[in-house]
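S.K.: Sequence:
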Amino acid sequence: MKKTKIVCSIGLHQTDEEIKQMLQNGMNVARFDLGSLSYDYCEKMIAKVRDIASKLGLVCGIMMENSGPTLRVGTLDNGHITLKEGSEIEIYNKPRVGTKEGFSILYSNLLKDVREGTHLLFGDATAELEVAAKMTETLICKVVKGGELTNKEIVHIPTIHLSAPYVSQKDRDDIAFAHRLGVDFVALSFVRSHEDILDITDALIEEDDEHIQLIAKIENKQSLEDIDAIINLCDGIMIARGDLGIEVSLERLPGIQKQIVKKAHLANKLAIVSTEMLTSMMVSIIPTRAEISDIYNAVMDSVDAVCLNKETSLGNHPVESVQMMTNIIEVAEEELDYGKILRDMNVTDLQDVTSSIAYSVVDMANHLNIKGIILATNTGYTAKKMSMFRPPVPVVATSPDGETVSSLTLHYGIYPTKTKHFLTTDEIVIGCKKVITKELSLKEKDLVIITGGFPATAGYTNFMKVEEL
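Going by this note's numbering, the residue at position 386 of the sequence shown is 386; the numbering climbs one at a time, nothing skipped.
Bear in mind the hints are in silico, worked out from the structure with no lab data behind them. Fair warning: this is a prediction, and the values are worked out from it, not measured in the lab. Each residue gets a CB set at the ideal place from its N, CA and C atoms; glycine is no exception. Be aware that a few hints might be false.
Below, computed lysine to aspartate or glutamate pairings styled on EDC-like, alpha-carbon distance capped at 20 Å [as the list claims (entries may be wrong)]:
id, residue 1, residue 2
1, K221, E247
2, K263, E225
3, K170, D209
4, K258, E333
5, K44, D16
6, K258, E195
7, K371, E333
8, K221, E195
9, K418, D446
10, K20, E43
11, K263, E291
12, K55, D16
13, K170, E195
14, K465, D446
15, K20, E439
Simulated restraints on C-beta separations [as the list claims (entries may be wrong)]:
id, residue 1, residue 2, range
16, M300, D401, 43 to 51 Å
17, H421, L447, 40 to 48 Å
18, D352, V248, 38 to 46 Å
19, A290, H13, 21 to 29 Å
20, S249, P95, 17 to 25 Å
21, E207, D40, 16 to 24 Å
22, T348, S54, 36 to 44 Å
23, E467, E330, 23 to 31 Å
24, S38, V248, 29 to 37 Å
Using the sequences and the accompanying hints, generate a full structural model.
M.R.: Here it is, written out as structure tokens:
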């Protein structure tokens, strides 16, 4: 059973059978992008994902991505226009159907923020404009690099800091919607600084939501300037290499990814790598060798999760993409030296009982022929601590609380499951042995570690026990 989690983006044309097979093949978290999907569609599909997962006896976390301060091209005539290199074109400050003469960018402070000489990049940098002149309500631009523009194409302006607030009314609506549906994670689009995290946190406080975990998407140059403060304030980081690779030089991207993953590990935060991991499988049934190496190396850096985007939301082979990613993860994890990972952490500040037990359980699992770890948890605190130490075997986390169970779906090595509330330590041991035998298909004489707390108090784990099944 793999320990690195897989996040899959859900698109407009996902069938029930595809969702079922994606779950069976290793999808742990389903991602919904509120920048491109309607609330009605998301609500319907989230209910469907949860229902299918429940019928399979699985738990699938739900991640939503807010709209964020994303700059996008407005509506275009026939859905697209062609930019010809060397020509001039206008950009309008107000909504207007775009033609070859001009188009709108949906950002109110556009004329305020840009200046003459500013370069605008579109999509995957397939087209580029330079601002030649600023008029009262329009920009006159020269086409530096020709290409095709489509409706809602993302616009990048790497050389400026956007002045508009991060949280718009649409973002507040997104947060309220995520809260109402009991979403587990919100991925924050185009985070620029730690202040953006604080603004979203305020929106969560207004909703009285203590469940949603915030994942900051690192996809612009500005966020790199404040990366340490961003990591400290969020629950996890997603390195969105597609958009980030437009704003920084491509040759720097692998090093930036490794640095951010390391920083997230040191801060005990989730680390997720995303974008173009299996792009070729949108069309081909077999990935490229470079894509296989990319996923393998992310696993060897012990990221918590890897994310499939267009591969599952738009591609021809979503089910096969998830299976391929699972296959690569499992092979890579066989080659990880978990003992070295734990030693390299150089842990010296185990000042509470829960952290000490979590560390000891993982250390023991590295030295004994342990087939699995099972823990009883009320809030998920111990499970998250244990995940941080990178256990060499799957950890089955039992909890009577549904929110706790779904909150652990993104954490490395943790497989949460809902159980009854255990009343005594004997009940914990007996109940946990039954659960882990079923969940991991273990057999008689297998060694497992059982850990939990009694009395059952939030964040309080006080025993560990090695048991033979």
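S.K.: The structure should be examined with respect to each hint, and the outcome stated for every one.
M.R.: Each hint tested on the structure:
no., hint, result
1, K221 <-> E247, "holds, 6 Å"
2, K263 <-> E225, "holds, 14 Å"
3, K170 <-> D209, "holds, 18 Å"
4, K258 <-> E333, "holds, 18 Å"
5, K44 <-> D16, "holds, 12 Å"
6, K258 <-> E195, "violated, 24 Å"
7, K371 <-> E333, "holds, 15 Å"
8, K221 <-> E195, "holds, 16 Å"
9, K418 <-> D446, "violated, 23 Å"
10, K20 <-> E43, "holds, 18 Å"
11, K263 <-> E291, "violated, 24 Å"
12, K55 <-> D16, "holds, 12 Å"
13, K170 <-> E195, "holds, 18 Å"
14, K465 <-> D446, "holds, 14 Å"
15, K20 <-> E439, "holds, 18 Å"
16, M300 <-> D401: 43 to 51 Å, "violated, 34 Å"
17, H421 <-> L447: 40 to 48 Å, "violated, 27 Å"
18, D352 <-> V248: 38 to 46 Å, "holds, 39 Å"
19, A290 <-> H13: 21 to 29 Å, "holds, 28 Å"
20, S249 <-> P95: 17 to 25 Å, "violated, 34 Å"
21, E207 <-> D40: 16 to 24 Å, "holds, 20 Å"
22, T348 <-> S54: 36 to 44 Å, "holds, 42 Å"
23, E467 <-> E330: 23 to 31 Å, "holds, 26 Å"
24, S38 <-> V248: 29 to 37 Å, "holds, 33 Å"
Going down the numbered hints, you'll see the structure goes against 6, 9, 11, 16, 17 and 20, while the others check out.
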